[in-house]
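On the provided structure of chain A, position chains B and C as indicated by the hints.
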Amino acid sequence: MIPAKFDYVKPSSVEEAVRALAEGGEDAKIIAGGQSLLPVLRLRLAAPSLLVDLGGIADLKGIRDDGDGIVVGAMTPYFEIISDNLVQEHVALLAQATQTVADNQVRHRGTLGGALAHADPAGDLGAPALALDAQMTIAGASGSRTVSAAEFFVDYFTTAIGEGEILTEIRFPKYTGWGSHYEKFNRTAQAWSMCAVAAAVRVEGGSIAEARVGLTNMGTTPIRATGVEQALVGQPATAEAVRAAAEHATEGTAAPSDADAASDYREHLAKVLTGRAVLAAAG
Amino acid sequence: MTAVAEPEVGKARVRKEDARLITGRSRYTDAITPPGTLHLHVVRSSSAHANITGIDTTEARKAPGVFGVYTAADLGVEGVGLPCAWPITPDMKSPQRPLLATSTVHFAGEGVAVVVARSAAEARDAADLVEVDYDDLPPVLDMEAALAEGATLVHPDLGTNENATWVFDSGAAGTGGSVDEAIAAAEADPDSVVVRRRLRQQRLIPAFMEPRSCVVDPTGEQITIYAATQVPHILRTMTAATMGLPEAKIRVIAPDVGGGFGGKIAVLPEEMLCLAVAQKLGKPVKWTETRSESLLAAHHGRDQIQDLVMSAKKDGTITGFDVHLFADMGAYNGLVGPGVPILGAFMYNAIYKIPALKFTCTNVYTTKTLTDAYRGAGRPEATFAIERMMDELAVELDRDPMELREQNWIKHEEFPFTTVVGLTYDSGNYEQATQQAMSTFDYAGLRREQEERRANGDPVQLGIGISTFTEMCGIAPSRLLGSLAYGAGGWEAASIRMLATGKVEVVTGTSPHGQGHETAFSQIVADQLGVPFEDVEILHGDTQVSPKGLDTYGSRSLVVGGIAIFNAAQKVIGKAKKLAAHLLEASEDDLEFANGRFGVKGTDKGLAIQEVVWAAFTAHNYPEDMEPSLDADAVFDPENFSFPHGTHLACVEVDTETGRVHLRKYVCVDDVGNVINPLLVEGQVHGGLAQGIAQALFEEANYDEQGTLVNGTFVDYTLPSAADLPSFDTAVVSTPATSNPLGVKGVGEAGTIASTPAIVNAVLDAVRQFGVKDIEMPTTSQRVWRAIQEAKGHATQETPVDTHSPGAGLGSIDPNNPQGEVQ
Amino acid sequence: MAQVRVTVDGVNYADDVEPRTLLVYYLRERLGKTGTLVGCDTSNCGACTVHLNGRSVKSCSVLAVQADGGEVTTIEGVARDGNLHPVQEAFNEFHALQCGYCTPGMIMQAIDFLGDNPDPTEEEVREGIEGNLCRCTGYQNIVRAVQGAAQKMKPGVPAETPAPAGVGQ
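From first to last, the protein sequence lines stand for chains A, B and C.
According to the numbering used here, the first sequence is numbered sequentially starting from 48.
According to the numbering used here, the second sequence is numbered sequentially starting from 992.
According to the numbering used here, the third sequence is numbered sequentially starting from 13.
Excised from the complex, chain A in its bound form:
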């Protein structure tokens, strides 16, 4: 319950933070909202030498409209995302998925950037970010770069963020007028997703014109269910058609096996939940 000792700095700009990380060396670690990091420190599963707290960098907080996208600062806490009008109007799937993360108290502290950088495959925000083609801005000593969500998630707890770099903002294209739903399946309300499906669809005249589907905890990273997306396009938004398309949900997955769900059960869930998510999204 008592973390090992570490040093702590709270820079007030991204440049300062990048410098602190560089000076801190390989055992320096960023703390964003801390809701994933602090449990790990309390159990002494990690022992960083230095924590660089991004909580003092005002630039990293907030949500803005940049014309054809919604930009969420990496340090924007979940509860602000959930209730934000821009998010609700243009990226509703993000709000819906964020609402299912952990509990109220955690949502007051946890941040979108922290969750994405942590890249827990059972985390709920990777799948919507991936499905919605989010763009991540990463700052480092040599300036900023942008990577797509597809490139961002590299492996189990591993992202494209390099050593000494900081995720600063996440930009979502607008999905104004799309239907969306995040279907989460867990053992108890507190547990993380056994499997979850993020779905957004644009329905035109009763048919699915466009679809975006992402899967949570079906591999070492969030997974884009492109097979399902392709199968959905042009189909009527009926239970039968959607369920048939959902049969593609396990394509490209590598479902883990654990005590709550062996991989065959997870694969089965992925199909069932994909059907439910898409139908709910299609309204």
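Possibly wrong hints are sitting among the right ones.
[What the hints assert, rightly or not] Pairs of lysine-lysine, BS3-like flavour, derived with a Cα cap of 27 Å:
{"hint": "1", "chain 1": "B", "residue 1": "1494", "chain 2": "B", "residue 2": "1562"}
{"hint": "2", "chain 1": "A", "residue 1": "52", "chain 2": "A", "residue 2": "76"}
{"hint": "3", "chain 1": "C", "residue 1": "164", "chain 2": "B", "residue 2": "1002"}
{"hint": "4", "chain 1": "A", "residue 1": "318", "chain 2": "B", "residue 2": "1783"}
{"hint": "5", "chain 1": "B", "residue 1": "1569", "chain 2": "A", "residue 2": "52"}
{"hint": "6", "chain 1": "B", "residue 1": "1271", "chain 2": "B", "residue 2": "1304"}
{"hint": "7", "chain 1": "B", "residue 1": "1402", "chain 2": "B", "residue 2": "1494"}
{"hint": "8", "chain 1": "B", "residue 1": "1274", "chain 2": "B", "residue 2": "1053"}
[As the list claims (entries may be wrong)] Which residues of chain B face chain C? A partial, calculated answer using Cβ under 7 Å:
{"hint": "9", "residue": "1015"}
{"hint": "10", "residue": "1022"}
{"hint": "11", "residue": "1201"}
{"hint": "12", "residue": "1246"}
{"hint": "13", "residue": "1250"}
{"hint": "14", "residue": "1282"}
{"hint": "15", "residue": "1283"}
{"hint": "16", "residue": "1605"}
{"hint": "17", "residue": "1669"}
{"hint": "18", "residue": "1670"}
{"hint": "19", "residue": "1674"}
{"hint": "20", "residue": "1680"}
{"hint": "21", "residue": "1713"}
{"hint": "22", "residue": "1714"}
{"hint": "23", "residue": "1801"}
Everything labelled a hint here was simulated from the structure, so no lab data went into it.
Built from N, CA and C at the ideal position, the CB exists for glycine as well.
Relative to chain A, chains B and C alone:
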């Protein structure tokens, strides 16, 4: 004449004890830090079974703030063994349970050394520097394998992994027929059936919300032990016996205690270690466990295999019930661990007129955390077995499960009824509770909906589960405990002190940790003495204040402790009456006592009890043959157990596509005898239900092949939150107990004992149509889905029980195997 | 050591702490705010819930240094001017506690939740307190108490129960 006061008993009084707890003015043990307190951290074994080949404390001892790092040898406690108070058979095998493992560790989590430092953080830091070398031995994990020839022995010096085998046979005891004969007869009879089932009681963890903690303060004439315990009196006596101290030199205080559920009936190695270190260093020493430590090292519960054979006539009449258990003790005997399954022995016949019953229990040692009491202790296991078997028999005979139960249960006009195990049930009315429950539940309506959903092939199927349970509470008649070789009596003590100002101090030997004793006992005393509820103060939980008692467990506090208080109150009235008669210059026979006033019959002369108390205090005028005191002590030893019962009905929806079980409706009607405070009864039932339902749906402690506890944090040991449970529809009916003057039966365990089989019966009722015969607890979505697939002939995969599932703050990070995951 | 300046239950503090000090330990051990409790080490139980800058947080999941410059309210600071908070009253009236260990966290979370949702349904309450574990009550009376408190807190309903001695002064 004064108006008749409204009786306190039966009133839904809000609790006295809340005022502190809702404002944070609490005092749980960890909040107690006398000046100079040192902090103790236990270095625990990561291995389930291993020889210790070396412990190097050199670096740890040099760490900042460290006062000492000690092994058992360093403290001179290698010879000290923790007590087991219940040797269930004369030849029971008992290994010594050390304070710290010396040569061999027997379960993962066993202590091997302690670090003592100025702060908890420094103790924790230094613990990382203690190097322990282990030479691993094979773990012993499976009970049946452990009993087989050539098995690795947990304690080689015992020559076996069998702790004891305890048998009750109604034929041999003369309390009923022979089960062997009944089953043989049924097998030979075409008009009879024999139902054989193997059921499993998974391992559970009590998971009280306050982690265990103790502070031992040696700076005084008595050594004071503050402990998060249910049993301060037992802890005091056992500490004296264990550590060789005069009992009178030990004071135990149980301050606010954050739940127990049986999990805090124990004498802990950590308590004895704090004592040893406190004596050695002459400073107060504190130990507070983390939640992970608690899940790993605090005793677990249940963990039984139940082999059950029931014989019955095809008309539904049960003719015999043979029960064979294997019960996992873990690595050592807990304080009452070996006796826990035995507490269930007399409940397998439950409310039914079963003519022959045999109970055989073999207790087995494994290299797991030891097991001991957990809410219900033995009786939930018995209730689960019989109530699941009643459903199995109903399926076998194609009968409605409630109708079959009714056919076999004891009718209300048959009380008192002596059962096949020789217990006499004093009162009850199973018909009444059942009728009320069935009507509230809308049993017929739900059966109709179930039929419709089946007919339509609805992906969501309905299941209805029944549990018509009884339990034995009020532990216990001392002579009976003696006949079971239990190491203590079952009496309880109380004292009432009438203070000069008319206020009343009531001392009880029970020790609450959430039950609301202050409120309920105040209500009883207010009625008996005719004083205001607010004028009664209940004192407990400190052996200097309450020197005599046997503490709180087994739904005994009201049924035994409450009666002791009642009896003490009668003694106070007796003394006060004598003094009042003297003061009023009347004969005692001419006095009547009502509403707190001694009145001379037929006159308006009288004295309020407070006036009599003042007269006793001033002692200016009192009878020659009387001491100037109205105070009284009482010790009550019950003559019988009490037998609460109830009818519990559950309706679940099973999503057959995912296997998810949704508890839609839960109705119960409990007969707990007379109700002192309906609010408290309701609260006990709600909480009990949640725990019993959690066994059916959510909780399980598993070990991997190396013997490591997989569910070592709240991430994996999944307690239900508010969002995982529905509201329950609870009600009470009352047939007063005849075995005590208050007519009370006890309520602490009812919900837990009753609810588990109701839920599992409901889940099975929903999916039997697919050919599913059983689903082990907890009936998780995966298990339900898998059972349906297998019943339909679809092959499915093995589930790895040893792999962490993502949860809480840790997500996918496996605390048992964190390497390479945290970037 | 790092410096933390923080207002807790209306009192200003400035202390040097180790950066690793969790807010809950700072509250309990440095400030003596032992009304806030620790029930787990994995952020599940919520017993340590307090308000930080007006929002409920698990104080085991915040470093004391992260609270620098902030305002903390604990269970010991919610009764005002000698009156219990309506949620505290309701916990008593509805018998929403037994052992009391989850209670401070439950009350702090319930207060926060009702701030966002002043008239919740049963299901909303259950979700609103899903980050707080209780082992005694089965949650039913806690849910009732939160809904009951919502009624008390409606505009025009004054809170009148005087707090017990020593509270909110």
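Taking the hints in turn, this is what the structure says about them:
no.	hint	result
1	1494/B - 1562/B	holds, 17 Å
2	52/A - 76/A	holds, 13 Å
3	164/C - 1002/B	holds, 23 Å
4	318/A - 1783/B	holds, 19 Å
5	1569/B - 52/A	violated, 70 Å
6	1271/B - 1304/B	violated, 68 Å
7	1402/B - 1494/B	violated, 46 Å
8	1274/B - 1053/B	holds, 20 Å
9	1015	holds, 2 Å
10	1022	holds, 4 Å
11	1201	holds, 5 Å
12	1246	violated, 11 Å
13	1250	holds, 4 Å
14	1282	holds, 4 Å
15	1283	holds, 6 Å
16	1605	violated, 26 Å
17	1669	violated, 10 Å
18	1670	holds, 4 Å
19	1674	holds, 5 Å
20	1680	holds, 6 Å
21	1713	holds, 4 Å
22	1714	holds, 4 Å
23	1801	holds, 6 Å
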